[in-house]
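**Q** The chain contents come next:
Number of protein chains: 2
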Amino acid sequence: MSSQSPTSTRRQLISRYIPALEWLPRYRRDQVSGDLIAGIIVAVMLIPQSMAYAMLAGLPPQAGLYASIVPLVIYGLMGTSRPLSVAPVAIVSLMTATTIAPLAEQGSADYITLALTLAVMSGVIQVVMGFMRAGVLVAFLSHPVLSGFINAAALVIMASQARHFLGMDIEGDTFVQQAISLVRNVETVHLPTMLLGLLSLLLLLYFRRYATKHFSLLGVSTSIAMQLSRAGTLVTVALATVSVWFFSLDREAGIVVTGDIPSGFPGLTLPGFSPDLLIQLLPAAFVISLVGFMESVSVAKTLASKKREKIEPNQELVALGAANLGSAFTGGYPVTGGLSRSVVNDSAGAQSGLASIFTGGFVLITVLFLTPLFTYLPRATLAAVVLVAVIGLLETATMRRAMAYSRADVIALAVTFVTVLAAGIEIGIAAGVATSIALFLWHTSQPHIAELGRVKGTETYRNVLRHDTDGDPRILIVRIDENLYFANANRLEQTIWDSVSSRPELSHLILVGSAVNSIDTSALETLEELTTRLKLAGITVHMAEFKGPIMDRLQRTHLMQLVGSTNVHMTVSEAVRGIELADDPGKHGS
Amino acid sequence: MSSQSPTSTRRQLISRYIPALEWLPRYRRDQVSGDLIAGIIVAVMLIPQSMAYAMLAGLPPQAGLYASIVPLVIYGLMGTSRPLSVAPVAIVSLMTATTIAPLAEQGSADYITLALTLAVMSGVIQVVMGFMRAGVLVAFLSHPVLSGFINAAALVIMASQARHFLGMDIEGDTFVQQAISLVRNVETVHLPTMLLGLLSLLLLLYFRRYATKHFSLLGVSTSIAMQLSRAGTLVTVALATVSVWFFSLDREAGIVVTGDIPSGFPGLTLPGFSPDLLIQLLPAAFVISLVGFMESVSVAKTLASKKREKIEPNQELVALGAANLGSAFTGGYPVTGGLSRSVVNDSAGAQSGLASIFTGGFVLITVLFLTPLFTYLPRATLAAVVLVAVIGLLETATMRRAMAYSRADVIALAVTFVTVLAAGIEIGIAAGVATSIALFLWHTSQPHIAELGRVKGTETYRNVLRHDTDGDPRILIVRIDENLYFANANRLEQTIWDSVSSRPELSHLILVGSAVNSIDTSALETLEELTTRLKLAGITVHMAEFKGPIMDRLQRTHLMQLVGSTNVHMTVSEAVRGIELADDPGKHGS
Chain A
-2 MSSQSPTSTR RQLISRYIPA LEWLPRYRRD QVSGDLIAGI IVAVMLIPQS MAYAMLAGLP
58 PQAGLYASIV PLVIYGLMGT SRPLSVAPVA IVSLMTATTI APLAEQGSAD YITLALTLAV
118 MSGVIQVVMG FMRAGVLVAF LSHPVLSGFI NAAALVIMAS QARHFLGMDI EGDTFVQQAI
178 SLVRNVETVH LPTMLLGLLS LLLLLYFRRY ATKHFSLLGV STSIAMQLSR AGTLVTVALA
238 TVSVWFFSLD REAGIVVTGD IPSGFPGLTL PGFSPDLLIQ LLPAAFVISL VGFMESVSVA
298 KTLASKKREK IEPNQELVAL GAANLGSAFT GGYPVTGGLS RSVVNDSAGA QSGLASIFTG
358 GFVLITVLFL TPLFTYLPRA TLAAVVLVAV IGLLETATMR RAMAYSRADV IALAVTFVTV
418 LAAGIEIGIA AGVATSIALF LWHTSQPHIA ELGRVKGTET YRNVLRHDTD GDPRILIVRI
478 DENLYFANAN RLEQTIWDSV SSRPELSHLI LVGSAVNSID TSALETLEEL TTRLKLAGIT
538 VHMAEFKGPI MDRLQRTHLM QLVGSTNVHM TVSEAVRGIE LADDPGKHGS
Chain B
-2 MSSQSPTSTR RQLISRYIPA LEWLPRYRRD QVSGDLIAGI IVAVMLIPQS MAYAMLAGLP
58 PQAGLYASIV PLVIYGLMGT SRPLSVAPVA IVSLMTATTI APLAEQGSAD YITLALTLAV
118 MSGVIQVVMG FMRAGVLVAF LSHPVLSGFI NAAALVIMAS QARHFLGMDI EGDTFVQQAI
178 SLVRNVETVH LPTMLLGLLS LLLLLYFRRY ATKHFSLLGV STSIAMQLSR AGTLVTVALA
238 TVSVWFFSLD REAGIVVTGD IPSGFPGLTL PGFSPDLLIQ LLPAAFVISL VGFMESVSVA
298 KTLASKKREK IEPNQELVAL GAANLGSAFT GGYPVTGGLS RSVVNDSAGA QSGLASIFTG
358 GFVLITVLFL TPLFTYLPRA TLAAVVLVAV IGLLETATMR RAMAYSRADV IALAVTFVTV
418 LAAGIEIGIA AGVATSIALF LWHTSQPHIA ELGRVKGTET YRNVLRHDTD GDPRILIVRI
478 DENLYFANAN RLEQTIWDSV SSRPELSHLI LVGSAVNSID TSALETLEEL TTRLKLAGIT
538 VHMAEFKGPI MDRLQRTHLM QLVGSTNVHM TVSEAVRGIE LADDPGKHGS
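Each protein sequence line maps, in turn, to chains A and B.
Mind the numbering: the first sequence is residues -2 to 587 in the working numbering, read in order.
Mind the numbering: the second sequence is residues -2 to 587 in the working numbering, read in order.
You may find that some hints are simply not true.
Any copy will do: because identical chains look the same in the list, a pair fits if it lies in one copy or spans two.
[Stated by the list, open to error] In silico SDA-like cross-links for lysine to any residue, where the CA-CA straight-line distance does not exceed 20 Å:
(1) Lys307 - Lys532
(2) Lys307 - Thr327
(3) Lys307 - Leu503
(4) Lys532 - Ser562
(5) Lys307 - Ala428
(6) Lys544 - Asn564
(7) Lys453 - Pro22
(8) Lys544 - Ile446
(9) Lys307 - Ser504
(10) Lys544 - Val475
(11) Lys307 - Arg488
(12) Lys307 - Gln491
(13) Lys210 - Phe243
(14) Lys307 - Gly535
(15) Lys307 - Thr529
(16) Lys532 - Glu490
(17) Lys544 - Arg459
(18) Lys307 - Glu490
(19) Lys307 - Ser498
(20) Lys453 - Gln9
(21) Lys307 - Val497
(22) Lys544 - His445
(23) Lys544 - Asp465
(24) Lys210 - Ile434
(25) Lys532 - Leu236
(26) Lys532 - Ala579
(27) Lys544 - Thr568
(28) Lys210 - Met223
(29) Lys307 - Leu10
Honestly, the hints are just simulated from the structure, not real lab data.
Chain A extracted, bound-state conformation (with noise of 0.2 Å):
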């Protein structure tokens, strides 16, 4: 009996990181049918995207097919989120590019090798994270600075796109830099490739704006359209690919494709671990494991939504994480939960994490025999399936809320898309970061004060400046909107000195609390200040309104000796009776 107990904690904990030990035993035999066709259709769309994102990060197409193999196998045992389908991202993979192109040259195994190092330091950072129960640390990525950040990089993967689009060279590392080189040499564009890209790209809009309708109208169910438009990428890939080997397009105009991919598993590949290397992809890492997790985990919330479904955070991490190492020694790079497949899986059925799994096998069994039917697919198609992607990155939704409604908001929404832009990815995301922090310290260091009247005719005390009120020139009243803190702890003090110094005949202060939050050692000690600087000055200071918990902390400092108990209220109107009544007992009562 008594080695029961630790057992069932042991299992308890396991099945906490590995939540599939939960559900799985308890999987019912009818739901295997809705994961298994939600794993084929996902896995559909997943092998074009998979092999175009590996392009966009720089690395060869295999690359983007080992990503889309072990780490959806480990996020589905490991994941909280059912329909999440953990693979290369666009968002992710420029990141990737964007770290490692500085450091070795592309296509070379160095920079395969550096892509498995980065996957594995997010990985390890995602684990860590997950354990220290850090998730919270996302939070200091505003909406604003996101915003600003995907839009912006949206823009960059665009024209990193541009170079296999247009067929042409493009230089510079920023965004800046690679729009002006493709203005200067906008007459090296190489027409074929183009005009082959472009077909690509209004086929991929065909497929996801107009096919469903299409079909439907061709008399076919709406599921099975919807169904059928999902596949529009591989049709459009097939039709490129088949376009390109009959006619020859390779040697006959010079259109640049695939070429011959390794057929087989990769087996196990290994990072590099020199210590100046994983210094300096540090700060990279950092903000893959971030960004990473943000968008997985939001992706991941919005779906289990309808279902009142549980996403735990930290867990997240830890899954995402172990997808990540699983991705770094099995030939892939960072990856993460993406926002189109993640959809498509939920409404084509999937019950569980099996429906990953079985993505994953499908991705493997094309790894192993079916990559020869790669040889001639163009990669100006590649490209198109990468713009398709990130058109729906961009928004402008968050910015037109936040014009309307914080200039704040605006400001470090547009400082993280300058900066993105202009000096690169980290550097954008650290100082959308700073901007909102120090706009959010900046906002918080000028609170809100307002002198209160009694409202006439009544016993309800209201900001003058907003209601006709009366009051007592002996008395000053103030309330506080905002927690009292280093920031803001001198400007209240000398708000109120000022106050108090234009009225002789003041000789009641009462500060009203409604609205503190907190108080810190700073406000505490400014208080205590203000408090003896008022004495001195033939003024007593009386408290009122002031929280439970705040009051509980106070009780045991030298400010509540300074009021005095006798002077803490309830409410404002009981303070000023009290005031009144001690005053001038004689009034009271006309």
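With chain A fixed as given, assemble chain B onto it according to the hints.
**A** Okay, now just chain B, sitting in the frame of chain A:
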């Protein structure tokens, strides 16, 4: 008539920057005796003190005297504090030394030029900050950070004076290195120097602690006894100097003396202006400007309390900046308002800035005619003057208060204290500020979120954990005690979603906003997402007790459309009644 207005505006502007233009015309003859006596007493205190501080700054003693002439006159004309005495102080002298020591050899012409440059830069920074009304920036130096810094700085100053006080060589830049050096080379202590230093120290402490009482016991009136005690530094210095001269201790016992001090005022001195130099000095100049201003303005505020006088912080910045510029061009180094001599100035009867101007005049007379008197002044005695001054800087009140009140503030204080000792002043202050900001963000990122219930038998709603409440299982009432912003938006969503997932019978969520002072765009979007997700899950969101200014801003947002105006309520009980009436009209009234 029409030219009257611009002229008077210009005059107002000028007298805003030179308050003396306001008070000088109204100056009464009977005030002059107070100013004159205070001016003399402060000069008697300041002359040895300023030479000692110059030594601490690594400068020749006359630099301290030069910095005690023009700055006092300028501040007397431009300052908004009547008794503030602006000249060298211990902390700023130390910061001057630690900034310049790595760049030039102590005592060299370069070293002196660097001190002038530092003064010019601090002055310019302060004037610019004053014009930009950026005085609020000092708010980010929280009390615990300042306390940690000042205590550490006092220890650093003591370590730096050990070489003069003990007549030995001490190596190292940081306190830790110097302390190790002192212990290792303790056998090189020069005994006669140490003896003289200890005697000087005891005499200074005697004057500070007991002299007033003993003079009173001898029948001297208390006020004269106090004035006599204030001459303690001068008496000590005079006694030590006469002893060294009379017994030829400099030659006989190897006591290091001040030596010849050039007579006469230095006239115009020129700081260095090479761009490299300016960039190198910039961080230190910035910290000196901020710390100097902070120290000065807190002294000014304290002394202004009794008479309800008003200190204008931004004009203080301009005045201190001008004083620093004055110091830079007349052979001085960075200055600021000092506590002890300002208190003396005030209690000795200073009526106006004229007291400071008189002090400057007396120091000028000393520089012109009396410098030969300081030739035999022993350095060990000046070191004792510094030690006595910095003993007064050590304080544990903030630490004790923080220990009893706030763990976060203890951390900020400890980080600053340790980093200043181990890595130096600028790094220490930066680490302290970063720590206190990080802890504030951390604190606000984990808001207190209370579930409310109806206190049994009443219509009031309170925290279910603090009160005996009942409630409807279909309704969850949640009060958020914090500003809603990017750092806590996710956490709020997670907390609410977790509660919702565990209550299958839930159909209404009431958000209570009485303690929310602001909502940023990130939090707004999170609330919108949450409302949408909850709607999908069949749960209606209600809002209650949000404040007027917040509701004004929310009015134009998508959130209001999602929640719906009928679900916005003034009070919680109104919201609950509304829900019960709508869900079950028959039940109401039972």
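**Q** Hint by hint, say whether it matches the structure.
**A** Status of each hint after checking the structure:
1. Lys307 - Lys532: between (56 Å within a copy, 16 Å between copies)
2. Lys307 - Thr327: neither (31 Å within a copy, 71 Å between copies)
3. Lys307 - Leu503: between (57 Å within a copy, 16 Å between copies)
4. Lys532 - Ser562: Within one copy only: 16 Å inside, 48 Å across.
5. Lys307 - Ala428: Result: close neither inside a copy nor across copies, 33 Å intra and 39 Å inter.
6. Lys544 - Asn564: within (15 Å within a copy, 27 Å between copies)
7. Lys453 - Pro22: neither (70 Å within a copy, 45 Å between copies)
8. Lys544 - Ile446: Classified as both; 18 Å inside a copy, 14 Å across copies.
9. Lys307 - Ser504: between (57 Å within a copy, 17 Å between copies)
10. Lys544 - Val475: both (16 Å within a copy, 17 Å between copies)
11. Lys307 - Arg488: Classified as between; 14 Å across copies, 44 Å inside a copy.
12. Lys307 - Gln491: Cα proximity of Lys307 and Gln491: across copies only (9 Å, versus 48 Å in one copy).
13. Lys210 - Phe243: neither (31 Å within a copy, 111 Å between copies)
14. Lys307 - Gly535: between (59 Å within a copy, 16 Å between copies)
15. Lys307 - Thr529: between (53 Å within a copy, 16 Å between copies)
16. Lys532 - Glu490: For Lys532 and Glu490, only the intra-copy Cα distance (14 Å) is at most 20 Å; the inter-copy one is 45 Å.
17. Lys544 - Arg459: Cα proximity of Lys544 and Arg459: in one copy and across copies (18 Å, 12 Å).
18. Lys307 - Glu490: Between copies only: 12 Å across chains, 46 Å inside a chain, cut-off 20 Å.
19. Lys307 - Ser498: Between copies only: 7 Å across, 57 Å inside.
20. Lys453 - Gln9: Classified as neither; 64 Å inside a copy, 39 Å across copies.
21. Lys307 - Val497: between (54 Å within a copy, 10 Å between copies)
22. Lys544 - His445: The answer is both: 18 Å in one copy and 12 Å across copies each meet 20 Å.
23. Lys544 - Asp465: between (27 Å within a copy, 18 Å between copies)
24. Lys210 - Ile434: neither (47 Å within a copy, 55 Å between copies)
25. Lys532 - Leu236: Answer is neither: 86 Å inside a copy and 43 Å across each miss the 20 Å cutoff.
26. Lys532 - Ala579: within (17 Å within a copy, 55 Å between copies)
27. Lys544 - Thr568: Result: close both inside a copy and across copies, 11 Å intra and 18 Å inter.
28. Lys210 - Met223: Classified as within: same-chain Cα gap 9 Å, cross-chain 97 Å, threshold 20 Å.
29. Lys307 - Leu10: For Lys307 and Leu10, the Cα distance is within 20 Å only inside one copy (18 Å; across copies 63 Å).
Violated hints, in rising order: 2, 5, 7, 13, 20, 24 and 25; the structure is consistent with all others.
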